[in-house]
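Generate the whole structure from the sequences, applying the supplied hints.
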Amino acid sequence: MDDAGFIFACYGVTLGAVLLYAGALLRRARRTGRAARTEELPWS
Amino acid sequence: MITVVGAPDMWRTARLVAAKDLRIEWRSRQVTNQVLPFAGLTLVLFAFALDRDDITSRVAPGLFWLATTFSLIVLVQRSFVVETQDGALDTLRVAGVDPAGIYLGKSIALAVQLLVLEVLLVFGVIVFYASNIRPAGIVLVVTTALLATCGLAFVGTLYGGLAAGAKGRETLLPLLLLPVVAPVLIGATRAFEAAFGTREGNGIRTGLDLADGWPWVGLLAVFAAVFGAAGVLAFGPLLEEA
Amino acid sequence: MSITVPNVESAETAPRRPWMRLWRGVTSTSFSRGLGIAVLVGLAWLLVFGLVFSPEDEIQDSSVRILYVHVPTAWVAYMAFAVTALCSAMYLFRKSHSLTWDRIAGASAEVGVMFMGLTLVTGALWGRLTWGVFWAWDARLTTTAFLFVTYIGYLAVRRLGGSHEARARRSAVLGLLAVLEIPLVHFSVRLWRSLHQEASVANPNGDVKLDGLMLFSLVVGLVAFTLLYAWLVMHRQRVMYLEDRYEDVDLDLALAERRSENPGGSNG
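Those sequence lines, one after another, are chains Y, W and V.
Note that the first sequence covers residues 3 to 46 in the working numbering.
Note that the second sequence covers residues 2 to 243 in the working numbering.
Note that the third sequence covers residues 2 to 269 in the working numbering.
Honestly, I wouldn't trust all of these hints.
Below, in silico cross-link-like pairs of lysine to aspartate or glutamate (EDC-like), each with a Cα-Cα straight-line distance of 20 Å or less [as the list claims (entries may be wrong)]:
(1) K168(W) with E248(V)
(2) K96(V) with E241(W)
(3) K168(W) with D87(W)
(4) K21(W) with D87(W)
(5) K21(W) with D10(W)
(6) K168(W) with D54(W)
(7) K168(W) with E166(V)
(8) K96(V) with D139(V)
(9) K168(W) with D213(W)
No lab work stands behind these hints: they were computed from the structure.
Note that the coordinates shown come from a computational prediction; the quantities given were computed from them, not determined experimentally.
As structure tokens, then:
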């Protein structure tokens, strides 16, 4: 495969950014959601 | 103070607000004492950065509009500092003044200040960059400047109102405003190039004549109309908050 | 509204292992967990098909593999901004002025900005391989860059502070203004470029003939990223709800404390 560096960089940057963002989101959810009681949340 | 409580006429409000802004400007002389030297300074700095005389004369229209755009940001900041200090904007709102009138009035005042600035900048460009306006191009230059200024003033007032009173407004306004005014920058620059004839015979494009400038004037007119209408509609909801 | 004391994790709901904490997060529901699994499966398929099974293009060689990521990120970003505009309109023009519309608009814009950034990065890498340059002043590229900057500004406006309603109104107006701005920018850049000689890299990916496994890989990417978008927006919107509520509760707590300090005070 030619240009493997470019292609791996492309997949790596994309998946890395998405995973970081998703992880940060879940961590933030845990931190802000601590005080919330589950039955009050509109989605549960 | 101006009392316009219950004035039904949007244009009357606009006239009063514009007169108020211009009177404040006339007394403080901020445009002539600070903004104009700033704009002139950018012209000189562009010349330093670009170094070669033949380049500066070729790109003079673009530099002219860049300097105007930067000055627009400074002027918009100034225009809303006047309003948010001492809660003047809140007072106007509580007094029930038509927000569309306020919007138009501030836009008109801003446009007048910009036009004064542009007239002086044109002389700066002619002096510093050795540009020449073709006699036949004067109509195009004037039309372009008028329409582009209307567009800039409408957009500037709208986004200035959006950021007014917020913390970090100074850094936010350029971020919001510069992408939006890009069509004006492109359009007005191309129209000026046609009027100046600056690109002719420079190997980039030959046969650039006045007719090439007029489609851009159309774009500028559409821009001004679209954002003027949007501002009249959107200024009310923007001012409602506190 | 009930006020609970923050920072106390009740013993029965506190999971032990870190991954369990993520799995049983506050913003998760059985639907979002299912969606999350589908996203992971989709991304795994994308990796396998995009990097291994897909044949190389005759003209573009292996750089076509970048398109399986690039095109879906661009699609998701444009869709996200369309959703933002739609939800902004729903917020402004619906009588109820429900903050849910505002939160979906904000969540969608944030996710969209991330994907637009990825689009620009992957697009630059693809351009370097295919055209030999990272960037070209093509109308589509320029509009994309302007979208990116515009929505960064939108996100900055959302963080200005003030009441939730003020935030919602301000950002909804901005979300709708972006709809006016983008066509004007696109049109002016296109008009500008058409006056110059034909760009050497014209027709950016119109020539690409995708068929068989290549087309399938692209579809896998599109589906996986669309599901990913839904998952991210769902969670982001819920986190925003929690944050908004947390601020309200904090404010209530402060007010309650204030009142208990001076019971005779008239300024409650």
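The hints, checked one at a time:
At roughly 19 Å between alpha-carbon atoms, K168(W) and E248(V) fall within 20 Å of each other, so this suggested pair holds. Taking the CA atoms of K96(V) and E241(W), the gap is near 16 Å; set against the 20 Å cutoff, the hint holds. At roughly 16 Å between alpha-carbon atoms, K168(W) and D87(W) fall within 20 Å of each other, so this suggested pair holds. With a CA separation close to 16 Å, the supplied pair K21(W) and D87(W) stays within the 20 Å bound.
A threshold of 20 Å between alpha carbons decides the hint, and for K21(W) with D10(W) the separation of about 17 Å falls inside it, so the pair holds. Restraint check: the Cα-Cα separation between K168(W) and D54(W) comes to about 42 Å, which exceeds 20 Å; the hinted pair is violated. Between K168(W) and E166(V), the direct Cα distance comes to roughly 17 Å. Compliance with the 20 Å bound is thereby established for this hinted pair. The suggested pairing of K96(V) with D139(V) is violated, with an alpha-carbon distance near 42 Å, which exceeds 20 Å.
Proposed proximity of K168(W) and D213(W) is contradicted: the alpha carbons are some 44 Å apart, above 20 Å.
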